[in-house]
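*Asks:* Spelled out, the chains give:
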Amino acid sequence: MKCKLFQDTPAAPTLPPNTDILPEGSIIDDPSAYMLVQIGMAESADDECTKAVNRTPAQLNQARYEYSRTKKGIHPDDFTRYDRGEIDGYNMDGSDVPGPNPAEEDEEESSIILPENYNEEDD
Amino acid sequence: MALIKAKGTTLNLGIAGASAAIGQMISIELPEMEVETFEADTLDNSNAGIPYKASGRIEGGSVSGDLFLDPSVSSTAIKGFLISGAANLSPSAASNTATVVLGDGTTTFTFATAGMSLGGTVALGEAVKGSFSAKLDGIGVWS
Chain A
99 MKCKLFQDTP AAPTLPPNTD ILPEGSIIDD PSAYMLVQIG MAESADDECT
149 KAVNRTPAQL NQARYEYSRT KKGIHPDDFT RYDRGEIDGY NMDGSDVPGP
199 NPAEEDEEES SIILPENYNE EDD
Chain B
141 MALIKAKGTT LNLGIAGASA AIGQMISIEL PEMEVETFEA DTLDNSNAGI
191 PYKASGRIEG GSVSGDLFLD PSVSSTAIKG FLISGAANLS PSAASNTATV
241 VLGDGTTTFT FATAGMSLGG TVALGEAVKG SFSAKLDGIG VWS
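Residue numbers (the working numbering), protein chains in the order written: chain A, 99 to 221; chain B, 141 to 283.
Isolated chain A (complex conformation) (with noise of 0.2 Å):
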């Protein structure tokens, strides 16, 4: 059963710990590789995988996508500016990689409430 990569992807992790990457395009032949392709990682590349996958084209996108955002490390709580493109993930100090459609930052409001008959040219 194959499957072919979407993009470069580290290999299992192993002890001692490796830094082996899997690059875009490489097929997988293991009786797993349908599990990829389910989680968004991978697309079928035989008829063998894409029966086992099971997923529909819309349900493959989606997981797709989904993955894009898991492999950014995007927190649950970030997922709907991620959706939006406020966000592409986190700088090392924490703060936010700004998206495609970063959001725009509100103007700072006044702390002073003025009277609803204020008139400034009455001063």
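To be clear, the hints were calculated from the coordinates, so they are not data collected in a lab.
Bear in mind that the values here come from a model prediction, so they are computed numbers and not experimental data.
All clues given are correct.
EDC-like mimics (lysine to aspartate or glutamate), calculated; alpha carbons at most 16 Å apart, straight line:
{"no.": "1", "chain 1": "A", "residue 1": "K100", "chain 2": "A", "residue 2": "E146"}
{"no.": "2", "chain 1": "A", "residue 1": "K102", "chain 2": "A", "residue 2": "E122"}
{"no.": "3", "chain 1": "B", "residue 1": "K147", "chain 2": "A", "residue 2": "D186"}
{"no.": "4", "chain 1": "A", "residue 1": "K169", "chain 2": "B", "residue 2": "D244"}
{"no.": "5", "chain 1": "A", "residue 1": "K170", "chain 2": "A", "residue 2": "D106"}
{"no.": "6", "chain 1": "B", "residue 1": "K275", "chain 2": "B", "residue 2": "E169"}
{"no.": "7", "chain 1": "B", "residue 1": "K147", "chain 2": "A", "residue 2": "D191"}
{"no.": "8", "chain 1": "A", "residue 1": "K102", "chain 2": "A", "residue 2": "D128"}
{"no.": "9", "chain 1": "B", "residue 1": "K147", "chain 2": "A", "residue 2": "D175"}
{"no.": "10", "chain 1": "A", "residue 1": "K100", "chain 2": "A", "residue 2": "D144"}
{"no.": "11", "chain 1": "A", "residue 1": "K170", "chain 2": "A", "residue 2": "D194"}
{"no.": "12", "chain 1": "A", "residue 1": "K102", "chain 2": "A", "residue 2": "D145"}
{"no.": "13", "chain 1": "B", "residue 1": "K145", "chain 2": "A", "residue 2": "D194"}
{"no.": "14", "chain 1": "B", "residue 1": "K269", "chain 2": "A", "residue 2": "D175"}
{"no.": "15", "chain 1": "A", "residue 1": "K102", "chain 2": "A", "residue 2": "D144"}
{"no.": "16", "chain 1": "A", "residue 1": "K170", "chain 2": "B", "residue 2": "D244"}
{"no.": "17", "chain 1": "B", "residue 1": "K147", "chain 2": "A", "residue 2": "D176"}
{"no.": "18", "chain 1": "B", "residue 1": "K145", "chain 2": "A", "residue 2": "D191"}
{"no.": "19", "chain 1": "B", "residue 1": "K147", "chain 2": "A", "residue 2": "D194"}
Dock chain B against chain A, hints included.
*Replies:* Chain B only, in chain A's frame:
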């Protein structure tokens, strides 16, 4: 003092030779590794305190965590890991080894598991959550 942020941390499991990140994680508990000790008291000990000595072994503990459960995606990876891990008795095999990549993107905690569990909670007023636990085989490695 160096601080490593938690945001951006991922748990990655080995599936089909690739490292698969688990989606919708909420929290991860790293293992409390502990040196095994034994009571080394003797009848002629005149002190009130009970002496203990290290046995020379280390209990690896377990890694656990919570996630928003999505049976179609997030738990697929854990399920696959359960299956491949259960079928494989070799502690060095990639199929039962996982790594936690911390939020800085470079610090990792890699561990082999002897077994894993996955459960879930359905409660009014909350999203369906899953919880997992992985018993370490040996001790984990920070790098």
